[in-house]
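Since the structure of chain A is already known, use the hints to place chain B on it.
There are 2 protein chains.
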Amino acid sequence: MREAALANQNPALTSALEHLLASGGKRVRPAVTLLSARLFDTEPRRAVALAAAIEMLHTATLVHDDLIDGSLLRRGLPTLNAQWTPGATVLTGDFLFARAATLAAETDSVRVMNVFSRTLMIIVNGEINQMFIGRGQASREGYFQRIYAKTASLFAVAAEAATILGEADEHAISAMRHFGREVGMAFQIVDDILDFTGDEAVVGKPVGSDLRQGLFTLPVLLYYDRHPDDRDVAALLNSHSGDNQRVDRVVQAVRDSGAIALALDEAKAYIGHAQASLAAMPANAYRQALSDLADYFVSRNV
Amino acid sequence: MREAALANQNPALTSALEHLLASGGKRVRPAVTLLSARLFDTEPRRAVALAAAIEMLHTATLVHDDLIDGSLLRRGLPTLNAQWTPGATVLTGDFLFARAATLAAETDSVRVMNVFSRTLMIIVNGEINQMFIGRGQASREGYFQRIYAKTASLFAVAAEAATILGEADEHAISAMRHFGREVGMAFQIVDDILDFTGDEAVVGKPVGSDLRQGLFTLPVLLYYDRHPDDRDVAALLNSHSGDNQRVDRVVQAVRDSGAIALALDEAKAYIGHAQASLAAMPANAYRQALSDLADYFVSRNV
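Same order as they appear, the protein sequences are chains A and B.
Residue 291 in our numbering sits at position 92 of the first sequence, and the numbers go up by one each step.
Residue 324 in our numbering sits at position 125 of the second sequence, and the numbers go up by one each step.
These are computed hints drawn from the structure, not numbers from a lab.
One or more hints might be untrue.
[Unchecked claim] Some chain A residues flagged as far from chain B (calculated, every beta-carbon gap over 10 angstroms):
id, residue
1, 223
2, 225
3, 227
4, 240
5, 263
6, 277
7, 282
8, 286
9, 291
10, 292
11, 298
12, 322
13, 424
14, 434
15, 452
[As the list claims (entries may be wrong)] Pulled from the structure, derived: some chain B residues nowhere near chain A, Cβ distances all over 12 angstroms:
id, residue
16, 227
17, 244
18, 268
19, 275
20, 302
21, 304
22, 431
23, 442
24, 451
25, 460
26, 488
[As the list claims (entries may be wrong)] Part of the chain A face toward chain B, derived, beta carbon under 8 angstroms:
id, residue
27, 267
28, 270
29, 271
30, 285
31, 290
32, 297
33, 307
34, 312
35, 317
36, 320
37, 327
38, 330
39, 400
40, 446
Glycine included, every Cβ here is placed at the ideal spot set by N, Cα and C.
The shape of chain A in the complex, shown without the other chains (with noise of 0.2 angstroms):
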């Protein structure tokens, strides 16, 4: 995705651009995206469009999300916050924020571009809860909260727009926005898993950084109900530090239980869910790699 530069765009802003869109990750919005666009023939120059400013959204909040954890790893590169000044991140996220705002104007759809920019508010405010009340909070419902804010909501919109796009009627619309929703909250709990059960060298950051920061994920929320006097699990929840050593324990305790298996199991009805919205969806090609789209989200290993 190569980007064409703004006139007297700054050099070290291009290629703070290039080191972030050329560092891969999996681009699972996108395809969702453009999946959902051709199942109703969208055109595709308004389809891409759409797919670019999901994926320049997803990255704009990335850039600042990692600034503010300070996390130095992603995808197994360094972030930006690693190698720039606090400033000059705060300002190339804002960039992309504009970029991901100015390529959903390329829609020419003023309802995609409102769905678009209240996703945002969600996303951001989900991100203002997590750091206000979200440390040591052991809920099942401020979980799902959170990763609907956090990951379905922006999935929910890739494939609601897309279908807005391909002047599809209101039932397909919010068909298509559960399923979104739906498989973006399997991928969170699966990418919440992979915090606990990944290899390092394959996800590209420490396992048990969740954990480290003090967020409780599904894995270990379902390990404390079946283990609810685990000490170092309480001891976790009551200080706002996450002692390593502790940290580790916990970790191998949650993968050593059949938590894993559990939570893994919420993913796959998440997935189910969406996989049955499509049932009324034109049966196309796209329909088929959309429900083959969702059943690699709960089988990935990275």
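Just chain B now, kept in the frame of chain A:
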């Protein structure tokens, strides 16, 4: 400008937004927007959405700027970053960007949303330029590029977008964009003059703040043209730290010279161009009000 809260909006975010939106400011950008809209009998609902979007975008950029510059006061009140963590400040700015985009979508105009998002790219790119090459730079050309990106671009889009919504012809749209650009240039020059001549209690921040940050604005550029052997100015240009006593001496020298009057003359010339481009616009009360507002831009002392 009381904002309806997002469902589940974090209370800390709500209180930060109330602090920011209640903290005053001159609201000159909404004034330009609303008067330009009335000039062409634009639907009030859409004009108000645009004016709010413009002011919200402006506020978002201020929140991140104050964080990056470490500014502790704005309009005589503590900045958000003076009270909050950097992370919460970054996210509040992001939320304001998202809210601005949502308001821009309420204009129901793809063209407006397009120019609006492109303007944000220009503003942010200008800030990045300022960060990487702006310090200690003493060229008129660089100065005018900088204040276009920082200030005039937003005034330009305010007047242009209001005229687009008013369904005026392309000639009027282009003339009003020019009007906005020129009053914006004048507005920023006067801001930069006030950073030398202003009364700290009235302006709400210490004088000489630009020089202290290594930023050379029009008054000191004009002074240095006429006093090329001023060693204090040369020292500020060549060092990247603003020694306080040296800055105070330069501020005093600029105040005592004719540079302030010369800078004001340049601002007035911009206002003259702006008023000239109003000549072909509909001759109603709003045209007069825009002309009067332009005069205020160069007569204000705050």
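Which constraints among the numbered hints does this structure fail? Numbers only, ascending. 5, 8, 9, 10, 11, 12, 18, 20, 21, 28, 29, 39, 40
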